[in-house]
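**Student:** Protein chains in written order, with our numbering: chain A, 1 to 284; chain B, 285 to 507.
Accuracy of the hints is not assured; some may be wrong.
To be verified - Below, in silico cross-link-like pairs of lysine-lysine (PhoX-like), each with a Cα-Cα straight-line distance of 20 Å or less:
| # | chain 1 | residue 1 | chain 2 | residue 2 |
| --- | --- | --- | --- | --- |
| 1 | A | 271 | B | 484 |
| 2 | A | 271 | A | 77 |
| 3 | B | 484 | A | 278 |
Unchecked claim - Pair by pair, the computed Cβ-Cβ distance ranges are:
| # | chain 1 | residue 1 | chain 2 | residue 2 | range |
| --- | --- | --- | --- | --- | --- |
| 4 | B | 505 | A | 139 | 38 to 48 Å |
| 5 | A | 282 | B | 406 | 22 to 32 Å |
| 6 | A | 282 | B | 388 | 23 to 33 Å |
| 7 | A | 195 | B | 432 | 19 to 29 Å |
| 8 | B | 421 | A | 161 | 54 to 64 Å |
| 9 | B | 504 | A | 221 | 12 to 22 Å |
| 10 | A | 90 | B | 353 | 26 to 36 Å |
| 11 | A | 282 | B | 497 | 53 to 63 Å |
| 12 | A | 98 | B | 484 | 17 to 27 Å |
| 13 | B | 449 | A | 255 | 49 to 59 Å |
| 14 | B | 322 | A | 192 | 18 to 28 Å |
| 15 | B | 503 | A | 192 | 52 to 62 Å |
Rather than coming from a laboratory, the hints here were simulated on the basis of the structure. In this text, a Cβ means the ideal position worked out from N, Cα and C, and glycines have one as well.
This is what each chain is made of:
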Amino acid sequence: MLPRPTTHSKALGPGVAGPELAVATSAVLDRPPQPGAHLPLSGAQPCAVDPATLADPRQHTKYPYVTGTSVMAIKYKDGVLVGCDTLGAYGSTKRYKNTQRIYHVNSKCVVAAGGEISDFQYITNLLDELTTDDYRTDDGIELTPQEVHSYLCRVMYNRRNKFDPLWNSLVVGGVQEGKPFLGMIGMIGTHYTDSHVTTGFANQLARPLFRERQQDDMSEEEALKLMYDALRVCYYRDKVSINKFQIAKVTKDGGVSISEPFALDMRWDYKLFAQPTKWAVGAW
Amino acid sequence: MDANAPSTSAPVSMGTSIIAVTFNGGVILGADSRTSTGNYVANRVTDKITPLCDNVYTLRSGSAADTQAIAGYVQHFIAQHQAEEGDHVTVKTAANLVKMMAYNNKDIMQAGLIVAGFDKYGGGQVYSISLGGTITATPFSMSGSGSTYINGFCDKYWRENMSEEEAMDFVTRALRYAMTWDASSGGCIRTVTITAAGTKRQFIQGSLIQPTYGELPREQIVA
Numbered sequence: 001m002l003p004r005p006t007t008h009s010k011a012l013g014p015g016v017a018g019p020e021l022a023v024a025t026s027a028v029l030d031r032p033p034q035p036g037a038h039l040p041l042s043g044a045q046p047c048a049v050d051p052a053t054l055a056d057p058r059q060h061t062k063y064p065y066v067t068g069t070s071v072m073a074i075k076y077k078d079g080v081l082v083g084c085d086t087l088g089a090y091g092s093t094k095r096y097k098n099t100q101r102i103y104h105v106n107s108k109c110v111v112a113a114g115g116e117i118s119d120f121q122y123i124t125n126l127l128d129e130l131t132t133d134d135y136r137t138d139d140g141i142e143l144t145p146q147e148v149h150s151y152l153c154r155v156m157y158n159r160r161n162k163f164d165p166l167w168n169s170l171v172v173g174g175v176q177e178g179k180p181f182l183g184m185i186g187m188i189g190t191h192y193t194d195s196h197v198t199t200g201f202a203n204q205l206a207r208p209l210f211r212e213r214q215q216d217d218m219s220e221e222e223a224l225k226l227m228y229d230a231l232r233v234c235y236y237r238d239k240v241s242i243n244k245f246q247i248a249k250v251t252k253d254g255g256v257s258i259s260e261p262f263a264l265d266m267r268w269d270y271k272l273f274a275q276p277t278k279w280a281v282g283a284w
Numbered sequence: 285m286d287a288n289a290p291s292t293s294a295p296v297s298m299g300t301s302i303i304a305v306t307f308n309g310g311v312i313l314g315a316d317s318r319t320s321t322g323n324y325v326a327n328r329v330t331d332k333i334t335p336l337c338d339n340v341y342t343l344r345s346g347s348a349a350d351t352q353a354i355a356g357y358v359q360h361f362i363a364q365h366q367a368e369e370g371d372h373v374t375v376k377t378a379a380n381l382v383k384m385m386a387y388n389n390k391d392i393m394q395a396g397l398i399v400a401g402f403d404k405y406g407g408g409q410v411y412s413i414s415l416g417g418t419i420t421a422t423p424f425s426m427s428g429s430g431s432t433y434i435n436g437f438c439d440k441y442w443r444e445n446m447s448e449e450e451a452m453d454f455v456t457r458a459l460r461y462a463m464t465w466d467a468s469s470g471g472c473i474r475t476v477t478i479t480a481a482g483t484k485r486q487f488i489q490g491s492l493i494q495p496t497y498g499e500l501p502r503e504q505i506v507a
């Protein structure tokens, strides 16, 4: 079988230790390995930036421009729920109110992101290539959520090592061998799996709710109610959010469904809200 | 390190939308109700319309601490002034007291205030005091981070001598548009109407504010 050029290692840019450098090239012959077990035979110099990248015209994402805010996800009896709003903010301007931040990978897996939207679009492009490869192989085997999680970890970590991170916090949700799967990956490659994962403000706001009320065997109704409460509190207390959400559901039997955007009822009708200083004259 | 890590060390600021308009018979002051610390909404039902005295109110934007301090001092000065004069203070005097505080402490303050009220000599008046302490008298004024989004709207739709209803409609529409674009503004709409008859407070809660383009109507509320 002929070696197929994979785009994925190229995605990480030149100077990456990968299958290409494992083949004897001038990089290896020109720089014969010094005696010492600590030097990689691939020829890549450890702890040194590849000189080719120094005079590099590539853009480096130093700060985000159009961003998505929190993502929150929980496991329940039949699968996982992943929820977030549909806002693409431009600094403090609520600019794009129709951004879908949940990507449908295959029948077993979704990926959702907070952070820079252009970097997320790049990631969905990479995932699309993987899914297309799977489709062409046509053996009925799809990428599992665990594999997507591992793959994205490597991409994020390697980009971080080149001081050119993909400015995203990713959530991978799906069903792995009949069991719900939830994982998170940060922009520097930090990753973990758990029964509930959150990014951004949801870390502070939704996680306490999840810790209190999430159970692996909860029903879909309970899980939805918990998700609505979490989305609601994130809308109240995160200034860069809108009352327009999507929830993706991945189940063992039902595959993936991403809901149409919906709104939630917000409580503004507490009596004291009308006159907060009624019983504290002179206060603010 | 999360891509959207919230920062509670950011100063408490009323990234804000505030507006004051004169109409035939008085003034209407309007404000949103959001106070943010970085991206965290510290207070979603803030009251940014503060009385300086019975007939003059002020709208506060910028650093919450700075504007509260200024308002506190000016409330005291006006009370003293009124005790000495035996009469209601004029809106112009009240506004100039606020300007004095803002201007003399300009290096350390970050405060943009709008002072508006009604007095028997000049009727309804609006004075805007910007960051450096400049005072300007205008028939209507908007300020705060959200005001940039409604500059065009206000220029087009404001008219002289509106009725109270028209002015109220103008204020609530302007704030609605500002709040939908500015993340630092949001929550509910508070208004105060000041006329010869006195002052009237109104509160439009968040769920009853009409949605704008891109937002969802109440029919699509699921829970």
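**Student:** Quick check on a hinted range of 12 to 22 Å for residue 504 of chain B and residue 221 of chain A, using CB atoms only.
**Tutor:** 20 Å, holds
**Student:** Given the hint of 22 to 32 Å, check if residue 282 of chain A and residue 406 of chain B actually sit that far apart at their C-beta atoms.
**Tutor:** Holds - the Cβ-Cβ distance for residue 282 of chain A and residue 406 of chain B, about 28 Å, lies within 22 to 32 Å.
**Student:** State, for the Cβ atoms of residue 421 of chain B and residue 161 of chain A, whether the hinted interval 54 to 64 Å holds or is violated.
**Tutor:** 60 Å, holds
**Student:** Between residue 484 of chain B and residue 278 of chain A, is the straight-line Cα distance small enough, at 20 Å or below?
**Tutor:** 15 Å, holds
**Student:** Given a hinted range of 18 to 28 Å, is it respected by the beta-carbon distance of residue 322 of chain B and residue 192 of chain A?
**Tutor:** 25 Å, holds
**Student:** Could you say whether the range 26 to 36 Å given as a hint is met by the Cβ separation of residue 90 of chain A and residue 353 of chain B?
**Tutor:** 33 Å, holds
**Student:** Can you tell me whether the CB distance of residue 449 of chain B to residue 255 of chain A sits inside 49 to 59 Å?
**Tutor:** 54 Å, holds
**Student:** Do the Cβ positions of residue 98 of chain A and residue 484 of chain B conform to the proposed distance bound of 17 to 27 Å?
**Tutor:** Violated, since residue 98 of chain A and residue 484 of chain B (Cβ atoms, about 39 Å apart) do not stay within the stated range.
**Student:** Need the status of pair residue 271 of chain A, residue 484 of chain B: alpha-carbon distance at most 20 Å?
**Tutor:** Within the cut-off at roughly 17 Å; holds.
**Student:** Falls inside 38 to 48 Å, the C-beta gap from residue 505 of chain B to residue 139 of chain A?
**Tutor:** Holds - the Cβ-Cβ distance for residue 505 of chain B and residue 139 of chain A, about 45 Å, lies within 38 to 48 Å.
**Student:** Between residue 503 of chain B and residue 192 of chain A, is the Cβ distance one that fits in 52 to 62 Å?
**Tutor:** The hint (52 to 62 Å, Cβ to Cβ) is violated, given that residue 503 of chain B and residue 192 of chain A are roughly 40 Å apart.
**Student:** A range of 23 to 33 Å was offered for this pair. Does it hold for the Cβ distance of residue 282 of chain A and residue 388 of chain B?
**Tutor:** Check passed, 25 Å falls within 23 to 33 Å.
The structure fails hints 2, 7, 11, 12 and 15 (numbered hints given earlier, in ascending order).
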